[in-house]
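Got chain Y sorted already, so can you dock chain Z onto it with the hints?
Order-wise, the sequence lines are chains Y and Z.
For the first sequence, the working numbering gives the first residue as 1, with consecutive numbering after it.
For the second sequence, the working numbering gives the first residue as 1, with consecutive numbering after it.
Please keep in mind that the hints were generated in silico from the structure rather than gathered at the bench.
Since this is a predicted model, take the numbers as computed values, not measurements.
Glycine included, C-beta positions come from ideal geometry on N, C-alpha and C.
Treat the hints with care, as some may be off.
Estimated spans, in silico, between C-beta atoms of each pair [unchecked claim]:
id: 1; chain 1: Z; residue 1: Gln113; chain 2: Y; residue 2: Phe275; range: 39 to 47 Å
id: 2; chain 1: Y; residue 1: Asn13; chain 2: Z; residue 2: Val125; range: 26 to 34 Å
id: 3; chain 1: Z; residue 1: Asp25; chain 2: Y; residue 2: Leu390; range: 38 to 46 Å
id: 4; chain 1: Y; residue 1: Asp89; chain 2: Z; residue 2: Gln113; range: 54 to 62 Å
id: 5; chain 1: Z; residue 1: Pro75; chain 2: Y; residue 2: Asn393; range: 15 to 23 Å
id: 6; chain 1: Z; residue 1: Arg140; chain 2: Y; residue 2: Leu330; range: 28 to 36 Å
id: 7; chain 1: Z; residue 1: Arg140; chain 2: Y; residue 2: Ala223; range: 19 to 27 Å
id: 8; chain 1: Z; residue 1: Ser145; chain 2: Y; residue 2: Val382; range: 42 to 50 Å
id: 9; chain 1: Y; residue 1: Val267; chain 2: Z; residue 2: Ser93; range: 45 to 53 Å
id: 10; chain 1: Y; residue 1: Gln340; chain 2: Z; residue 2: Ser145; range: 34 to 42 Å
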Amino acid sequence: MLTALAFRNLWRNRRRTLLTLSAMVVSAALLILCLGVYAGMIDDMLTTTTRLYHGHVVLAAPDYHAHRTLHAHLPESAADLPTPAGVTDMVGRTPRLRAFGLLSAAAGSQPVEILGVDPVREPTVTTLHRQLVAGRYLQAGEAGAAVIGSTLAKKLGVAVGGEVVVVTQAADGSIGNDLLTVRGIFTTGDSRHDGRLVVTPLPWLQQLLVLDGRIHEVVIAVANPLQAFADADRFNAVLPAGIEARDWGDFLPEMREAIVSFDVSRVIIAGILYFATALGILNTCFMSVMERTREFGLLLASGMRPWGIRRLVLLETLFLGLIGSAVGLLGGLLLTWYMQAVGIDLSGTITPITYAGSTILPRLRAVFDPGNFLFPVVMLVVVALVAGFLPANRAARLDPVAALREE
Amino acid sequence: MTLITLANVFKTYRHGSLEVPALVDFSLVIDSGEFTVLAGPSGSGKTTVLNLVGGLDRPTSGTVTVDNLDVGGAPAGILADYRLRRVGFIFQSYNLIPVLTAAENAEFTLMLQKVPRPERRRRVVALFHELGIAGLEERRPSDLSGGQQQRVAIARALAAFPGVVLADEPTANLDSHTAEELLDLMRDLNTRRGVTFLFSSHDDRVIGRARRVVRLEDGRLASDSAAHR
Chain Y
1 MLTALAFRNL
11 WRNRRRTLLT
21 LSAMVVSAAL
31 LILCLGVYAG
41 MIDDMLTTTT
51 RLYHGHVVLA
61 APDYHAHRTL
71 HAHLPESAAD
81 LPTPAGVTDM
91 VGRTPRLRAF
101 GLLSAAAGSQ
111 PVEILGVDPV
121 REPTVTTLHR
131 QLVAGRYLQA
141 GEAGAAVIGS
151 TLAKKLGVAV
161 GGEVVVVTQA
171 ADGSIGNDLL
181 TVRGIFTTGD
191 SRHDGRLVVT
201 PLPWLQQLLV
211 LDGRIHEVVI
221 AVANPLQAFA
231 DADRFNAVLP
241 AGIEARDWGD
251 FLPEMREAIV
261 SFDVSRVIIA
271 GILYFATALG
281 ILNTCFMSVM
291 ERTREFGLLL
301 ASGMRPWGIR
311 RLVLLETLFL
321 GLIGSAVGLL
331 GGLLLTWYMQ
341 AVGIDLSGTI
351 TPITYAGSTI
361 LPRLRAVFDP
371 GNFLFPVVML
381 VVVALVAGFL
391 PANRAARLDP
401 VAALREE
Chain Z
1 MTLITLANVF
11 KTYRHGSLEV
21 PALVDFSLVI
31 DSGEFTVLAG
41 PSGSGKTTVL
51 NLVGGLDRPT
61 SGTVTVDNLD
71 VGGAPAGILA
81 DYRLRRVGFI
91 FQSYNLIPVL
101 TAAENAEFTL
111 MLQKVPRPER
121 RRRVVALFHE
131 LGIAGLEERR
141 PSDLSGGQQQ
151 RVAIARALAA
161 FPGVVLADEP
171 TANLDSHTAE
181 ELLDLMRDLN
191 TRRGVTFLFS
201 SHDDRVIGRA
211 RRVVRLEDGR
221 LASDSAAHR
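Excised from the complex, chain Z in its bound form:
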């Protein structure tokens, strides 16, 4: 079932009088439950695709549809609600809130959804167990390793049961061993929970573990192969 559709998307950024094209006539269809990597060098438009799908940015032209919602044209309030309930984000630099504990960071989206505190904690404790970071709930991000922080970020992205998880270079700050572990974990979650993963990377070891690889060059679709391993 089609979950994400980008149709003839153009995205141009303006730097003063200079217009920089980030995406040029880009189209992509992703089905529900896919585990897709956007590959390509820096500046190829990977993050722009993630931002458009995540409702953080709007296309200059073309349409972006996620689960029948016109993400490119929806009002700000609808987009905020979309980000809150239907998308989970994982970032390269974890982006955990330093003054909150690991569990509080993971609970944050649920708090915004007004999920009662006991239910929030129950879900997060289960996720921490599943992600191999049980017992670290009360630690602050500064007391966690990079891999542990990224697992907390994954827990935060998954806690609200989103339909799609968008990960921007999620392993770029990790050593290769931890990166592989984390990728295996995301693949496992994709298989067991059926969560759609769309992430970006330029690391060939990471790209090699994806089921589908979409390559971008200069904002254009260079290749699209469903690589099942």
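Looking at chain Y on its own, in the form it has when it is part of the complex:
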């Protein structure tokens, strides 16, 4: 009966309760949307860096990443090492060889990073092949072909089908040079890739560098990038000497910090939004308690203990919190669904922004993350209970004689 009483008490002043509930619903729904869009931005940033180029876990010689020296290479068979137990969300892995040199065409020369990839396996790990704005991606068995960034193409004055000369130092100390035909041009939005990356077939680059059967790294993609840290540890536990696994956070420390700061931001945003909501709940509860002073006097006279009164008022705020959370969750789900399915295209207004080693794309898009729903909902219930504590305490501490005398 206490539960029924608490629930019915909510609707004594229907308009006031509905106003308070609407504030709670809007707060929860907006917070869910806000977190979804924020997570979408983080997801975009993470995807543009890891799925465009870095991957999530990289196997390489221990000293390779510090200096990217040509000589810190691995056998190509490293790309097929057994997957450790516990790494269950791997979606692909691919071998790579890397060199730095000059790319020349009629319009001049540009310093470039030459990435030798397996044209079949690379697309299972990165999405560069989807960023083509002209031509096509590399094909298996193809030699002397390249896919280059759009800014680089523009600087060199080459188009698809055009030829460029590559010059680099080979592993034996000789100068490696060859002619490449541009088969495709990509635009990623990241100026570092668009302005200096040249993607070539792995066998061709191995031959140019005199590193037959050798690679510099094996790049692995997993389904959940945030689990890559644990996956790298699992690889390190079983990898042979001379090879170590690193996660994307080692290459993109700013990005890792940005993600950590997301959790802090989430709490700050929720704190600001819910503070105002809490004041609304507090006001409603106080008004409700003040109006029922005489009734609380009766309950105390009937033998109800102060904690019973406290429980009654807190039950009312709990119901308020649960209803607000449920409807807010529904609203948040719908808004997030819309922003995930449709989103807002800002490409007409702003260009991609490079931040923390990644790229913020000119769009607003939400992602579904259970934590972004659970957190606002649980927080709203907690806020309702906290806001209800003061009125509940006031009601519980009433003097029954004075309360019964209240008009």
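Chain Z alone, transformed into the frame defined by chain Y:
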């Protein structure tokens, strides 16, 4: 058998720096099964006596004992339990909870006592029948007349089978006909159930129906006559 004893009770209320005496050296003994009215003008101390006997207030000095419990000195928890199990209250303005039905209002004390729901309902339905309000169980207080609301309040006071029922001006908000009916009903319950009734009134028609009249003036006992009619 003595049920209620007030011995040399003083009760003083403080309003800022002003001390207002509500009861001055007040003593009274009430036996079990009595039907007693506290009569007197407003401010004479009637409600204070009821509050002290009901364990809602404590005396400034003196002792209040009900059924061997020192109501004036018992800890808050014991007093809450005392109010829950041994006293029933009836108020001038009924004080029903508007969002509960008539039956739920009457059941409320039993709910606090954790009496199972079927037993609660059985008792309340019987009481409603006895009080002449059968069929009104599911109505909200706002759908009841003043007399019906006060009968529901009586049902609430009696549902837990208390030893004493304290009624503060229970007929003040009712017309004379309904007031007389209600008083007859309480007298009847007193006779048949043996419940001790102690109520306050300044209405001479009500006072005339009491078996014992205790008059108060300025917080003092003015007269005490056992008037059996």
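These are the hints, each one checked on the structure:
1. Z:Gln113 - Y:Phe275: 39 to 47 Å: holds, 42 Å
2. Y:Asn13 - Z:Val125: 26 to 34 Å: Holds, since asparagine 13 (chain Y) and valine 125 (chain Z) (Cβ atoms, about 32 Å apart) stay within the stated range.
3. Z:Asp25 - Y:Leu390: 38 to 46 Å: Given about 42 Å between the Cβ atoms, the range holds.
4. Y:Asp89 - Z:Gln113: 54 to 62 Å: holds, 58 Å
5. Z:Pro75 - Y:Asn393: 15 to 23 Å: holds, 20 Å
6. Z:Arg140 - Y:Leu330: 28 to 36 Å: This hint holds: roughly 32 Å between Cβ atoms.
7. Z:Arg140 - Y:Ala223: 19 to 27 Å: violated, 58 Å
8. Z:Ser145 - Y:Val382: 42 to 50 Å: Check passed, 45 Å falls within 42 to 50 Å.
9. Y:Val267 - Z:Ser93: 45 to 53 Å: holds, 49 Å
10. Y:Gln340 - Z:Ser145: 34 to 42 Å: The hinted range 34 to 42 Å is violated for glutamine 340 (chain Y) and serine 145 (chain Z), with Cβ atoms some 59 Å apart.
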